[in-house]
Amino acid sequence: MKRRAIDPETPSESVERSLCEALLALRDVDEMQAFLHDLCTPAELEALVDRWRVVPYLLEELSYREIHERTGVSITTIGRVARFLNQGNGGYLAAAARAARKRKLAKVSP
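Going by my numbering, the sequence shown wraps up at 526, each residue one higher than the last.
Treat the hints with caution; some may be incorrect.
Straight-line distance between alpha carbons at most 20 angstroms, and here's what the computed SDA-like set of lysine to any residue pairs gives [what the hints assert, rightly or not]:
#1 Lys-518 - His-453
#2 Lys-518 - Gly-506
#3 Lys-518 - Ala-459
Label pairs and their in silico Cβ distance ranges [said to hold, decoys possible]:
#4 Pro-427 - Arg-519: 20 to 26 angstroms
#5 Arg-519 - Leu-440: 18 to 24 angstroms
#6 Leu-464 - Leu-521: 22 to 28 angstroms
The set of hints was computed from the structure by calculation and includes no laboratory data.
Backbone N, C-alpha and C fix where the C-beta goes; we use that ideal spot for every residue, glycine too.
Turn these sequences into a full structure, and let the hints guide you.
Next up, the structure:
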(Lines of atoms letter the chains of each structure in order from A; the text may use other names.)
(Lines give C-alpha, C1' and ligand atoms only; values in the text may rest on other atoms or scores of the structure.)
Protein backbone atom coordinates (compact mmCIF):
# COMPACT_ATOMS: atom_id res chain seq x y z
CA MET A 417 0.00 0.00 0.00
CA LYS A 418 1.27 3.44 -0.87
CA ARG A 419 2.39 5.53 2.13
CA ARG A 420 3.01 9.24 1.89
CA ALA A 421 5.92 10.94 3.61
CA ILE A 422 3.88 13.96 4.66
CA ASP A 423 0.67 14.05 6.66
CA PRO A 424 -2.23 14.65 4.29
CA GLU A 425 -4.69 17.36 5.18
CA THR A 426 -7.56 14.85 5.32
CA PRO A 427 -7.06 11.62 7.29
CA SER A 428 -7.04 8.46 5.15
CA GLU A 429 -9.83 6.90 7.21
CA SER A 430 -12.10 9.83 6.38
CA VAL A 431 -11.31 9.63 2.68
CA GLU A 432 -11.78 5.85 2.68
CA ARG A 433 -15.21 6.30 4.27
CA SER A 434 -16.06 8.95 1.68
CA LEU A 435 -15.11 6.53 -1.10
CA CYS A 436 -17.36 3.87 0.43
CA GLU A 437 -20.21 6.37 0.57
CA ALA A 438 -19.63 7.28 -3.08
CA LEU A 439 -19.78 3.60 -4.06
CA LEU A 440 -23.01 3.13 -2.12
CA ALA A 441 -24.52 6.22 -3.75
CA LEU A 442 -24.34 4.73 -7.24
CA ARG A 443 -27.73 3.60 -8.51
CA ASP A 444 -27.03 0.62 -10.73
CA VAL A 445 -24.44 -1.66 -12.29
CA ASP A 446 -23.85 0.69 -15.22
CA GLU A 447 -23.03 3.61 -12.90
CA MET A 448 -20.77 1.38 -10.79
CA GLN A 449 -18.99 0.11 -13.88
CA ALA A 450 -18.44 3.66 -15.17
CA PHE A 451 -17.12 4.75 -11.77
CA LEU A 452 -14.71 1.81 -11.52
CA HIS A 453 -13.41 2.46 -15.03
CA ASP A 454 -12.80 6.10 -14.09
CA LEU A 455 -11.29 5.27 -10.69
CA CYS A 456 -9.02 2.35 -11.58
CA THR A 457 -6.29 1.79 -14.11
CA PRO A 458 -6.94 -1.16 -16.43
CA ALA A 459 -4.44 -3.23 -14.41
CA GLU A 460 -6.12 -2.34 -11.10
CA LEU A 461 -9.54 -3.22 -12.48
CA GLU A 462 -8.20 -6.50 -13.87
CA ALA A 463 -6.79 -7.36 -10.42
CA LEU A 464 -10.16 -6.65 -8.78
CA VAL A 465 -11.99 -8.73 -11.39
CA ASP A 466 -9.53 -11.62 -10.96
CA ARG A 467 -10.03 -11.59 -7.20
CA TRP A 468 -13.80 -11.56 -7.53
CA ARG A 469 -13.70 -14.25 -10.25
CA VAL A 470 -12.23 -16.84 -7.86
CA VAL A 471 -14.60 -16.23 -4.92
CA PRO A 472 -17.40 -18.58 -6.11
CA TYR A 473 -14.90 -21.38 -6.74
CA LEU A 474 -13.33 -20.94 -3.30
CA LEU A 475 -16.79 -21.04 -1.73
CA GLU A 476 -17.37 -24.32 -3.60
CA GLU A 477 -14.08 -25.50 -2.03
CA LEU A 478 -12.38 -26.31 -5.32
CA SER A 479 -8.62 -26.78 -5.16
CA TYR A 480 -6.40 -23.82 -6.02
CA ARG A 481 -5.07 -25.77 -9.02
CA GLU A 482 -8.60 -26.40 -10.35
CA ILE A 483 -9.53 -22.74 -9.86
CA HIS A 484 -6.36 -21.68 -11.68
CA GLU A 485 -7.14 -24.04 -14.57
CA ARG A 486 -10.71 -22.70 -14.86
CA THR A 487 -9.90 -19.00 -14.50
CA GLY A 488 -6.26 -18.43 -15.36
CA VAL A 489 -5.88 -16.48 -12.10
CA SER A 490 -2.53 -17.04 -10.38
CA ILE A 491 -2.25 -19.44 -7.45
CA THR A 492 -0.84 -16.54 -5.39
CA THR A 493 -3.94 -14.41 -6.00
CA ILE A 494 -6.23 -17.36 -5.28
CA GLY A 495 -4.42 -17.94 -1.98
CA ARG A 496 -4.66 -14.27 -1.08
CA VAL A 497 -8.42 -14.24 -1.70
CA ALA A 498 -8.85 -17.47 0.25
CA ARG A 499 -6.99 -15.99 3.20
CA PHE A 500 -9.32 -12.98 3.27
CA LEU A 501 -12.40 -15.17 2.82
CA ASN A 502 -11.35 -17.12 5.91
CA GLN A 503 -9.65 -14.48 8.05
CA GLY A 504 -10.71 -11.13 6.63
CA ASN A 505 -13.39 -8.66 7.57
CA GLY A 506 -16.31 -10.53 6.00
CA GLY A 507 -16.56 -8.32 2.94
CA TYR A 508 -16.16 -11.07 0.36
CA LEU A 509 -18.72 -13.24 2.14
CA ALA A 510 -21.26 -10.43 2.49
CA ALA A 511 -20.92 -9.41 -1.16
CA ALA A 512 -21.08 -13.00 -2.41
CA ALA A 513 -24.17 -13.77 -0.31
CA ARG A 514 -26.00 -10.64 -1.48
CA ALA A 515 -25.06 -11.25 -5.11
CA ALA A 516 -26.32 -14.84 -4.87
CA ARG A 517 -29.62 -13.66 -3.33
CA LYS A 518 -30.06 -11.10 -6.12
CA ARG A 519 -29.41 -13.72 -8.80
CA LYS A 520 -31.87 -16.11 -7.13
CA LEU A 521 -34.57 -13.42 -6.91
CA ALA A 522 -33.99 -12.44 -10.54
CA LYS A 523 -34.57 -16.06 -11.61
CA VAL A 524 -37.80 -16.31 -9.58
CA SER A 525 -39.27 -12.95 -10.65
CA PRO A 526 -41.32 -12.99 -13.87
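For each hint, the structure was consulted:
1. Lys-518 - His-453: 23 angstroms, violated
2. Lys-518 - Gly-506: 18 angstroms, holds
3. Lys-518 - Ala-459: 28 angstroms, violated
4. Pro-427 - Arg-519: 20 to 26 angstroms: 37 angstroms, violated
5. Arg-519 - Leu-440: 18 to 24 angstroms: 20 angstroms, holds
6. Leu-464 - Leu-521: 22 to 28 angstroms: Given about 25 angstroms between the Cβ atoms, the range holds.
Of the hints listed earlier, those the structure fails to meet are numbers 1, 3, 4, in rising order.
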